[in-house]
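Protein chains in written order, with our numbering: chain A, 1 to 315; chain B, 1 to 260.
Since the hints were derived computationally from the structure, they do not count as laboratory data.
Backbone N, C-alpha and C fix where the C-beta goes; we use that ideal spot for every residue, glycine too.
It is possible that part of the hints are untrue.
Anything over 12 Å on all C-beta distances counts as not near chain B; from chain A, calculated [to be verified]:
1. L163
2. L196
3. Q197
4. I198
5. V271
With the Cβ distance kept under 7 Å, some of the chain B side facing chain A (calculated, not the full set) [claimed, not checked]:
6. L60
7. K62
8. A93
9. F109
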Amino acid sequence: MTEIDSTGSARPESIKAVPVRHPGRWVSGAVILVLAAMFVHMLFTNKNLDWTTFQKFFFDGGILKGLVATLELTVIAMAIGIVGGIILALMRLSANPLMSSAAWLYIWFFRGTPVLVQLIFWFNIKSLMGDISLGIPFGPTFITWDVNSLVTTFIAAILGLGLNEAAYMSEIVRAGILSVDEGQTEASQALGMRRLQIMRRIVLPQAMRVIIPPTGNETISMLKTTSLASTVAFTELLKAGEDIFNANYKTIPLLIVVSVWYIIVTSILSVGQYYLERHFGRGSARELPPTPLQRLRRNLTTFHAKPPAVQEGSA
Amino acid sequence: MTENAPANDVMVKAEGVHKYFGRLHILRGIDLEVRSGQVMCVIGPSGSGKSTFLRCINHLEKIDAGRLWVDGHLVGYRQRGDKLHEMHEKEVAAQRRDIGMVFQRFNLFPHMTALQNIMEAPVRVKGEPRQVVRERALGLLDQVGLSEKVDSYPSQLSGGQQQRVAIARALAMEPKLMLFDEPTSALDPELVGDVLDVMRRLAEDGMTMVVVTHEMGFAREVGDSLVFMDGGVVVEEGDPREVLTEPQHERTQNFLSKVL
Numbered sequence: 001m002t003e004i005d006s007t008g009s010a011r012p013e014s015i016k017a018v019p020v021r022h023p024g025r026w027v028s029g030a031v032i033l034v035l036a037a038m039f040v041h042m043l044f045t046n047k048n049l050d051w052t053t054f055q056k057f058f059f060d061g062g063i064l065k066g067l068v069a070t071l072e073l074t075v076i077a078m079a080i081g082i083v084g085g086i087i088l089a090l091m092r093l094s095a096n097p098l099m100s101s102a103a104w105l106y107i108w109f110f111r112g113t114p115v116l117v118q119l120i121f122w123f124n125i126k127s128l129m130g131d132i133s134l135g136i137p138f139g140p141t142f143i144t145w146d147v148n149s150l151v152t153t154f155i156a157a158i159l160g161l162g163l164n165e166a167a168y169m170s171e172i173v174r175a176g177i178l179s180v181d182e183g184q185t186e187a188s189q190a191l192g193m194r195r196l197q198i199m200r201r202i203v204l205p206q207a208m209r210v211i212i213p214p215t216g217n218e219t220i221s222m223l224k225t226t227s228l229a230s231t232v233a234f235t236e237l238l239k240a241g242e243d244i245f246n247a248n249y250k251t252i253p254l255l256i257v258v259s260v261w262y263i264i265v266t267s268i269l270s271v272g273q274y275y276l277e278r279h280f281g282r283g284s285a286r287e288l289p290p291t292p293l294q295r296l297r298r299n300l301t302t303f304h305a306k307p308p309a310v311q312e313g314s315a
Numbered sequence: 001m002t003e004n005a006p007a008n009d010v011m012v013k014a015e016g017v018h019k020y021f022g023r024l025h026i027l028r029g030i031d032l033e034v035r036s037g038q039v040m041c042v043i044g045p046s047g048s049g050k051s052t053f054l055r056c057i058n059h060l061e062k063i064d065a066g067r068l069w070v071d072g073h074l075v076g077y078r079q080r081g082d083k084l085h086e087m088h089e090k091e092v093a094a095q096r097r098d099i100g101m102v103f104q105r106f107n108l109f110p111h112m113t114a115l116q117n118i119m120e121a122p123v124r125v126k127g128e129p130r131q132v133v134r135e136r137a138l139g140l141l142d143q144v145g146l147s148e149k150v151d152s153y154p155s156q157l158s159g160g161q162q163q164r165v166a167i168a169r170a171l172a173m174e175p176k177l178m179l180f181d182e183p184t185s186a187l188d189p190e191l192v193g194d195v196l197d198v199m200r201r202l203a204e205d206g207m208t209m210v211v212v213t214h215e216m217g218f219a220r221e222v223g224d225s226l227v228f229m230d231g232g233v234v235v236e237e238g239d240p241r242e243v244l245t246e247p248q249h250e251r252t253q254n255f256l257s258k259v260l
């Protein structure tokens, strides 16, 4: 690092050489530019895209309602998935063989069948269960519910997506817990901490660093998987779009409306994931990487000054 | 086995302690006594069982035979009549509060600052008020020479600094006994001195300590007794100055000729 030598010693003369030429880069760059231009041209000239319809329905009440339903479904299903995942992961790591095999069986079943099949299953649960009643196992019952009034399409969608997600989340959580050094548990035990305390205060916070990135992926994936709920007659974003284009036959513009909404929400989620990762990364790197805002501010303030000092661990 | 509960001033007493890892017989009958206020150093080749013995003292490892007392109480078991009962996890945890332990690889909590590392157990385990613990933690950090590193995360500290925080963390529980498992073995040579200084001062203040170490100088100066272990047994035990200069057993002589 002689470049930022502040001791005042003379900096050696830099090498001046003819740089290597890269004709291939110019050619491939040109191809990309042409393709991009063609695509933009198509966006503006293709009549089937029908941007006026797009504008008309982008903030349509039905679409917005569908969007809200999609968000609700995503949040609730992920919440079930995360809580269920943690429970399943702890069960799998449990010393009780019945616990760990029960968790293994659950994961085996829910990962082994397509989520769409599970959704349809929950939708048709009435044919399997009849009624649900509360009581003593194999003994008298106290209260009985009709399953159809209990499992609405919304509940069916939540159960289908959430229980499936729990199976995937449990593997993510388990990997996170196993990634924490055994010495952390030993040090906590030596301090007199109890098992649950150690899990909550020491192991899980560290496991988060490993758990958060794939959980972000799962959330984004869940946002899009909720569109499967349209097949069980639950009106989320896609179904809202379908309802409209089934009436006016403007299929493509409405699919674009729906797609743009998905992309907007996914982008927001990605930003959230970045900040979450940053939060749980504290202590792991010497210095946290700057947020985009901090980076922008630094670039603006140091625009005319020297380049910013070397940052450790920001790569 | 008859009741051989140790005398009042004995902090640690081991009697015929055996430990197996699977088929590996790692401890083969350890008999030792550490008196209150004494510093016992344990040396020996790797695989001799010295770290395992240390970990048995706070029940991080379960012993398979024999008896082990700390401060007059059996470790990990309760005697009712002539029957031994395994302790519940809760009771084991309660026993460990009084025994501080310092590890070779520090094992600080990386997601907490130095101060938070020290405050965690007194607040969460003993339920002491935060303000009281904070004062004590700051005092301890000062004592180990790190009052400027209060808000540093472990990754921002050198190995020697991390180990001193780890010592402060153990001391914050106000233990009666401190266990050191090769506390300087993972340190760069120039950082060893600071950690040993802290331990020396601790010994001068009268802390009972069991120290597994390779630092013969420390053992000679600070230790009240020296134990040489090999092959899961105590080969030789005595005054450190005598054992180090005139070892009686051939195995001790061999070992010392290699490390001194």
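**Q.** Interface hint compliance - A93(B) to chain A, C-beta minimum distance less than 7 Å
**A.** holds, 5 Å
Q) Are all beta-carbon distances from V271(A) to chain B longer than 12 Å? A) holds, 23 Å
Q. Can we confirm that no CB of chain B comes within 12 Å of the CB of I198(A)?
A. violated, 10 Å
Q | Restraint check, 7 Å cut-off on beta carbons, for K62(B) near chain A | A | violated, 13 Å
Q. How about F109(B): closest beta carbon in chain A under 7 Å, or not?
A. The hint holds - F109(B) has a Cβ within 7 Å of chain A, the shortest such distance being about 6 Å.
(Q) Hint validation: L60(B) versus chain A, beta carbon distance must be below 7 Å. Holds or violated? (A) With a minimum Cβ separation of about 6 Å from chain A (threshold 7 Å), the hint on L60(B) holds.
**Q.** Assertion that Q197(A) lies farther than 12 Å from chain B (Cβ)
**A.** The assertion about Q197(A) is violated, with a minimum of 6 Å to chain B.
**Q.** Beyond 12 Å from every chain B Cβ - status for L196(A)
**A.** violated, 10 Å
Q.
According to the definition I'm using, a residue is off the interface if its beta carbon is farther than 12 Å from all beta carbons of the partner; does L163(A) meet that for chain B?
A. holds, 31 Å
Hint violations for this structure: numbers 2, 3, 4 and 7, all remaining hints satisfied.
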